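FYI, in my numbering the residues of the sequence shown are 965 to 1105.
It is worth saying that the hints were derived from the structure and are not from the lab.
Hints may be right or wrong, so weigh each one.
As the list claims (entries may be wrong) - Simulated restraints, written as ranges between beta carbons of each label pair:
#1 Trp1097 to Met965: 15 to 25 Å
#2 Arg1101 to Val1009: 51 to 61 Å
#3 Asp998 to Arg1101: 25 to 35 Å
#4 Ile1022 to Ser1104: 28 to 38 Å
#5 Val1053 to Ile970: 37 to 47 Å
#6 Ser1026 to Thr1071: 33 to 43 Å
#7 Thr1103 to Val1053: 36 to 46 Å
Bear in mind the structure is a predicted one, so any value in this text is a computation, not a measurement.
Backbone N, C-alpha and C fix where the C-beta goes; we use that ideal spot for every residue, glycine too.
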Amino acid sequence: MWQELIQEVRVAQMGVQILFGFLLTVVFTPKYDDLTDTDQTIYLVTVVLGACATGALIGPVSLHRLVSGRRVKPQAVRLASRLTLLGLVLLLATTTASLLLILRVATHDGFVPYLVAGVVGWYLLCWFVLPLWVRHRHTSK
């Protein structure tokens, strides 16, 4: 299970690191000063969420390195799995806040929250609802 988990983490890490790296550059652009106070607050929350997601998704790698050879693999796999799930939830929050900020700046329209809610619904379906449905339906009892 450890190898599968690490492979899953690699995929999620790539996405969160690219997103977080992009977010870190925004504050240094001239456009940042033109953002409203609300948009700057959304940006700051998004950066903090991205940092937390990055930490949670890199955590299993550090955990593996620090406990390797200590005969605690079952416990390490459980903890790494929890960190990965937390990282996915934080990635969902980061992506949501990023999308909200981008659409607010790009459109200034009232439909933005509804569009963001629709995308969040899609993420929830793909990332959590379908996997939990498959687990429930196809796991022997």
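Hints, verified against the model:
1. Trp1097 to Met965: 15 to 25 Å: holds, 21 Å
2. Arg1101 to Val1009: 51 to 61 Å: violated, 37 Å
3. Asp998 to Arg1101: 25 to 35 Å: For Arg1101 against Asp998, whose Cβ atoms are near 50 Å apart, the range 25 to 35 Å is violated.
4. Ile1022 to Ser1104: 28 to 38 Å: holds, 34 Å
5. Val1053 to Ile970: 37 to 47 Å: Violated - the Cβ-Cβ distance for Val1053 and Ile970, about 19 Å, lies outside 37 to 47 Å.
6. Ser1026 to Thr1071: 33 to 43 Å: The hinted range 33 to 43 Å holds for Ser1026 and Thr1071, with Cβ atoms some 40 Å apart.
7. Thr1103 to Val1053: 36 to 46 Å: Since Thr1103 and Val1053 have Cβ atoms about 22 Å apart, the given range 36 to 46 Å is violated.
Figure legend: structure checked against the earlier numbered hints; hints not met, in rising order: 2, 3, 5, 7.
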